[in-house]
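Visitor: Protein sequences appear in the order of chains A and B. If you're matching positions, the first sequence starts at 0 in numbering that gives the first Met the number 0 and goes up one per residue. If you're matching positions, the second sequence starts at 0 in numbering that gives the first Met the number 0 and goes up one per residue.
Certain hints may be false.
Claimed, not checked - Calculated lysine-lysine pairs in the DSS-like style (CA-CA distance at most 30 angstroms, straight line):
#1 B/Lys448 x A/Lys6
#2 B/Lys278 x B/Lys194
#3 B/Lys271 x B/Lys206
#4 A/Lys6 x B/Lys449
#5 B/Lys206 x B/Lys192
#6 B/Lys202 x B/Lys192
#7 A/Lys25 x B/Lys449
#8 B/Lys228 x B/Lys271
#9 A/Lys6 x B/Lys450
#10 A/Lys25 x B/Lys448
#11 A/Lys25 x B/Lys450
#12 B/Lys135 x B/Lys202
#13 A/Lys261 x A/Lys232
#14 B/Lys192 x B/Lys396
#15 B/Lys171 x B/Lys449
#16 A/Lys120 x A/Lys145
#17 A/Lys190 x A/Lys120
#18 B/Lys135 x B/Lys171
To be clear, the hints were calculated from the coordinates, so they are not data collected in a lab.
One-letter residues, chain by chain:
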Amino acid sequence: MGESLDKPVTARGLVKIFTDFWNRPKVRAVDGLDLEMRPCEIFGLLGPNGSGKSTTIKILLGLLRPTAGEVAIFGLPPTDVRAKRLVGYLPEESYLYPYLTPRETLDMMGRIFNLPSAERKRRTDQLLEMVGLTAAAHRPVGEFSKGMARRVGLAQALINNPSLVILDEPTSGLDPIACRHVKDLTVTLAKSGKTVLLSSHLLADVEDVCDRVTILFNGRVRARGSMGELLEKRNIVRFAAPDPGTEGVAKIAALVREISGKEPEVDHPSMDLEEFFLEVISEASRQDETLSGAAPTCTPAPFLLNE
Amino acid sequence: MNRVIAISILTFRAAWRSRAVHSALALVCAAVFAFALTARGDGTLPGLAKLIIEYSFKAAFWILAMFALWAGCGAVSEDIRRRHIQLLAVKPLRCSELWLGRWLGISTIIAIAIAICGILVGVLATVAGNTYACPKSETDVLNDHVLTARWRILPDEHIPHHEVAQCLSSLKADGTISERALPEDAWLYALQKVKWSRATVLKGVSKEWTFAIPKSVRPRAPNDGAWLKIRLRSPTRDREPTSMEWTFTSLNGKPLHTLSVSLPPDGVHYVKIPTSVIKGGDTILVRLSQVDNSQNEPLMFDPYAPLEILVSRSGFGGNLARALLIVGCQLSLVAAVGVTAGTAFSMPVAVFVTVCGFLVSSGAVFFTSEKVVNYAKVHDPEKVSAYARSASWVLHKLSRLLDPLIRLDPVQLLVDGIHIPWSATIVTCVVILTTYTALCFVAGVYLLKKKEVALPE
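Let's have the full structure, built from the sequences with the hints guiding it.
Guide: Structure follows, in structure tokens:
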């Protein structure tokens with residue numbers, strides 16, 4: 000079986016049954032899942048707790064073996080070392096070695112990918128810069144907050160400049176600025192030719208960045224499609240225009256009422272809290288340059304953009 | 000290889016930054032110092048030095064063996080429990096590379112610890128030799144028999160098959176051995192009888208041993224030391240010394256040397272002989288004549304090691320280094336067993352299983368020793384249950400499996416001032432690494448491949 004770069008992930012009839020010590024079936028975590036991802040897309044995997052998202056991801060990564068069904072990463076079995084070279088993974092929790100510093104963690108991961116020493120150093124520097132941890136590069140990860148550890152986790156997932164990035168709850172534990180950066184980064188990665196599989200509880204995150212989503216419940220697919228197809232309300236139209244004044248609004252409302260026969264809803268669009276928060280912090284960081292934790296930065300590492 | 004190095008560095012860093020490792024190292028150093036400072040020997044300087052070397056080394060070995068076991072058992076199992084494995088297993092890392100990296104990392108820590116311990120033991124033994132005021136004779140014994148490395152030449156003690164068979168049939172005829180005894184048990188019993196009868200020299204009777212001197216044995220200078228080491232056993236204590244005459248002749252009967260000594264018929268004795276007697280590649284005959292006929296009891300030698308010829312070869316430092324190398328390999332095997340157990344079980348279970356395994360193995364080595372004969376199996380085999388027979392069979396097989404591992408006891412050789420040849424060192428290390436460790440490696444990799452590393456708890 001050879002590599003097939005146009006099929007990042009293919010899964011057919013995936014079933015995973017967890018058994019007890021005596022091999023008796025205990026839980027059917029994934030039940031007949033079909034999945035196909037296209038190159039350069041951001042694919043969202045949604046579902047409540049226990050719906051089978053993480054189990055599916057672990058099967059795709061070769062960490063669990065499916066009870067039935069087939070799975071291929073770039074046309075290769077997920078346990079194949081060639082497939083693993085092309086994948087970057089950020090787990091649900093960061094699972095980092097607490098006694099290693101971010102620099103040591105990234106250097107070790109780079110070594111595992113057989114990167115030459117100079118290249119390891121270059122990528123490590125760029126990734127630390129990207130996740131805003133250059134100043135904390137020599138502190139053990141065990142001393143980090145959850146958000147800072149998450150950033151190291153994200154950096155290690157990208158050390159090999161992967162073609163397929165699997166992010167399991169990537170914004171969990173991150174502050175709103177870092178969340179925004181991760182979402183921006185996800186979009187940038189997809190634009191630079193990488194395929195991203197994103198699993199999250201936070202529907203807003205998925206809505207912001209994903210091209211297509213699959214919603215799982217009880218191990219089965221309950222809905223799938225592009226964001227447009229799934230979320231568009233075809234029976235409602237929204238106009239956005241400069242405020243025409245009270246009289247203007249009344250005239251437009253009367254016209255809509257006359258055409259549709261129903262009362263239109265009229266209000267002023269508001270800025271969402273995330274947007275407002277980012278504006279406040281951006282202003283504050285311009286005034287105070289000394290930072291003890293992670294720096295708010297969002298410039299993707301140049302090597303990820305093939306620069 | 001880069002990936003193996005990455006995991007080794009990871010393991011090394013984990014260990015180096017762990018308090019448990021610092022504690023183990025401190026404990027090893029403390030044990031070495033404690034034995035050196037509190038050792039009470041036989042009242043002689045060589046005795047004290049021997050104790051320092053033996054007990055310090057053995058204490059350090061057991062502490063480091065426990066550490067190797069603990070670190071090995073936790074290397075993979077803790078990765079799985081704490082889920083660090085989910086970061087590693089998704090990288091292009093083969094199971095074999097993970098196993099090797101973990102084992103190499105732990106072995107590096109062990110190598111550093113054993114080197115520190117070796118240096119400490121060497122320094123302490125040498126310092127002890129130079130610190131205490133004592134007669135020159137004791138200092139000479141210390142330098143000649145302890146802080147040295149000597150060739151050891153053992154006599155040709157081959158016992159012909161027919162001699163044992165004859166003994167066996169006579170023992171069966173007089174009813175000492177039951178006809179229904181298992182053949183191997185009966186044979187072992189007869190062999191022991193023959194050995195003991197050969198080791199007993201009756202009053203006024205002479206006995207001769209043949210020594211084939213290996214070609215590699217070349218005394219450095221005529222003044223160098225060469226000794227005849229005599230091990231005597233006596234069922235009664237405080238017997239009067241016996242006068243003996245030892246004659247050394249070449250194979251064609253040419254007399255080489257004669258010496259007369261008076262020795263107590265119990266314990267270990269060293270008798271100095273000229274190095275001119277020892278020529279590499281020659282065969283010499285050593286004959287004992289009992290001059291003193293006043294003694295009524297026979298002279299009894301140790302049946303397993305009655306005589307040895309010892310020839311001064313080199314210093315203590317080189318011998319210590321070779322002993323450390325072998326001990327290091329043995330400890331790295333313990334780590335390998337731990338790493339493999341840790342791939343199959345959680346850490347507490349892995350530690351329990353491996354400790355049980357080591358206890359059973361030690362039991363197998365002890366209970367299947369040729370020095371131990373099961374009385375019931377030989378004399379009254381009907382009383383031996385099927386369970387005991389099966390257990391005995393398992394222990395025998397296990398003991399055979401472990402034989403190459405324990406054939407060379409580096410610490411005992413070091414304490415006895417016996418030269419550990421490089422060839423034996425390399426063979427032992429290669430056997431440990433390419434057989435036992437390789438078996439652990441194959442089993443560990445197989446188990447790791449079969450394991451689902453991200454199962455929910």
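Visitor: Between the alpha carbons of A/Lys120 and A/Lys145, is the straight-line distance 30 angstroms or under?
Guide: holds (25 angstroms)
Visitor: Hinted pair, alpha-carbon criterion (30 angstroms max): B/Lys192, B/Lys396. Please report holds or violated.
Guide: holds (24 angstroms)
Visitor: Take a quick look at whether A/Lys25 and B/Lys448 sit within 30 angstroms of each other, Cα to Cα.
Guide: holds (23 angstroms)
Visitor: Does B/Lys206 sit within 30 angstroms of B/Lys271, going by the straight-line distance between their CA atoms?
Guide: holds (20 angstroms)
Visitor: Can the restraint linking B/Lys171 and B/Lys449 be considered satisfied, given a maximum Cα separation of 30 angstroms?
Guide: violated (54 angstroms)
Visitor: Sort out whether B/Lys192 lies within 30 angstroms of B/Lys202, counting only the CA atoms.
Guide: Judged against 30 angstroms, a Cα distance of about 19 angstroms means the pair holds.
Visitor: Does A/Lys25 pair with B/Lys449 here, judged by a C-alpha cut-off of 30 angstroms?
Guide: holds (20 angstroms)
Visitor: Taken at face value, is the distance from the CA of A/Lys120 to the CA of A/Lys190 at most 30 angstroms?
Guide: Answer holds: A/Lys190 to A/Lys120 is near 25 angstroms, not above 30 angstroms.
Visitor: Does the structure keep A/Lys6 and B/Lys450 at a Cα separation of 30 angstroms or less?
Guide: holds (27 angstroms)
Visitor: Regarding the pair B/Lys448 and A/Lys6, is the alpha-carbon distance no greater than 30 angstroms?
Guide: holds (26 angstroms)
Visitor: Would the pair A/Lys6 and B/Lys449 pass a check requiring their Cα atoms to be no farther apart than 30 angstroms?
Guide: Measuring from Cα to Cα gives roughly 27 angstroms; hence the hint holds.
Visitor: Assess, step by step, whether the Cα of B/Lys135 is no farther than 30 angstroms from the Cα of B/Lys171, and give holds or violated.
Guide: Roughly 56 angstroms between the alpha carbons, so the hint for B/Lys135 and B/Lys171 is violated.
The structure does not agree with the numbered hints 12, 15 and 18 stated previously, though it agrees with the rest.
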